[in-house]
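> Turn these sequences into a full structure, and let the hints guide you.
Sequence lines, in order, name chains A and B.
Using the working numbering, you'd call the opening residue of the first sequence number 1 and step up by one each time.
Using the working numbering, you'd call the opening residue of the second sequence number 1 and step up by one each time.
Hints listed in this document are in silico derivations from the structure and should not be mistaken for laboratory results.
Bear in mind the structure is a predicted one, so any value in this text is a computation, not a measurement.
Treat the hints with care, since some could be wrong.
Said to hold, decoys possible - Heads up, incomplete: computed chain B residues facing chain A, CB under 10 Å, no partners named:
| no. | residue |
| --- | --- |
| 1 | Ala2 |
| 2 | Lys3 |
| 3 | Thr34 |
| 4 | Gln38 |
| 5 | Ser41 |
| 6 | Arg45 |
| 7 | Ala66 |
| 8 | Val85 |
| 9 | Tyr87 |
| 10 | Gly106 |
Even for Gly, the Cβ is constructed at its ideal location relative to N, Cα and C.
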Amino acid sequence: GVTQSPTHLIKTRGQQVTLRCSSQSGHNTVSWYQQALGQGPQFIFQYYREEENGRGNFPPRFSGLQFPNDSSELNVNALELDDSALYLCASSLDVTRNTEAFFGQGTRLTVV
Amino acid sequence: LAKTTQPISMDSYEGQEVNITCSHNNIATNDYITWYQQFPSQGPRFIIQGYKTKVTNEVASLFIPADRKSSTLSLPRVSLSDTAVYYCLVVSDRGSTLGRLYFGRGTQLTVWP
Chain A
1 GVTQSPTHLI
11 KTRGQQVTLR
21 CSSQSGHNTV
31 SWYQQALGQG
41 PQFIFQYYRE
51 EENGRGNFPP
61 RFSGLQFPND
71 SSELNVNALE
81 LDDSALYLCA
91 SSLDVTRNTE
101 AFFGQGTRLT
111 VV
Chain B
1 LAKTTQPISM
11 DSYEGQEVNI
21 TCSHNNIATN
31 DYITWYQQFP
41 SQGPRFIIQG
51 YKTKVTNEVA
61 SLFIPADRKS
71 STLSLPRVSL
81 SDTAVYYCLV
91 VSDRGSTLGR
101 LYFGRGTQLT
111 VWP
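Pasting the structure below:
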């Protein structure tokens, strides 16, 4: 399955954070989502074979990396209070096909 | 991508059949209808996907009329463990948005004993 670490994190405004995701083996596409309380997940960006393959309406201080060993990272610089949310990683078999996305359990980020 | 509209909340009792309807008036020819389920503090989980007519799996059925402007997720004989948020999504089969999921606020289904 898809696993994320850490499960919970508290950071101070202005700091930087790195969230990690381990994709399902063999999946070449990873997407990240931000879910605020009471809202549906919002698409941040997608990586396909280690290259960014599209971004949602999020500023450049949100960045990511995808590695060839089924691991990925979401980095957020200059944290703001509104960045407090559940961050979800999802992997899918192949972005060129309409396939099911498998989500991790998420990382709960709190910015104080 | 087509916008979806679904009820904010629904209530049911154990053992009943639940039908959640989703409206997607601007669905395009290459779009599929997909439903996800989400429990608190967990990531969404794929339930079912369809293009037209009826699709059934071990968890649910999905009914899509000929004009594809709406769809209905049917959960047979719900139990307390089906209490969750259900999201209806229109997913493109091609183009720049392929593979991306755009979630609305979903339907909070509460099942009572």
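> Give a verdict on every hint.
Here's how the hints hold up against the structure:
no.: 1; hint: Ala2; result: 15 Å, violated
no.: 2; hint: Lys3; result: 12 Å, violated
no.: 3; hint: Thr34; result: 8 Å, holds
no.: 4; hint: Gln38; result: 8 Å, holds
no.: 5; hint: Ser41; result: 7 Å, holds
no.: 6; hint: Arg45; result: 7 Å, holds
no.: 7; hint: Ala66; result: 21 Å, violated
no.: 8; hint: Val85; result: 8 Å, holds
no.: 9; hint: Tyr87; result: 6 Å, holds
no.: 10; hint: Gly106; result: 6 Å, holds
Checked against the numbered hints above, the structure violates hints 1, 2, 7; every other hint is satisfied.
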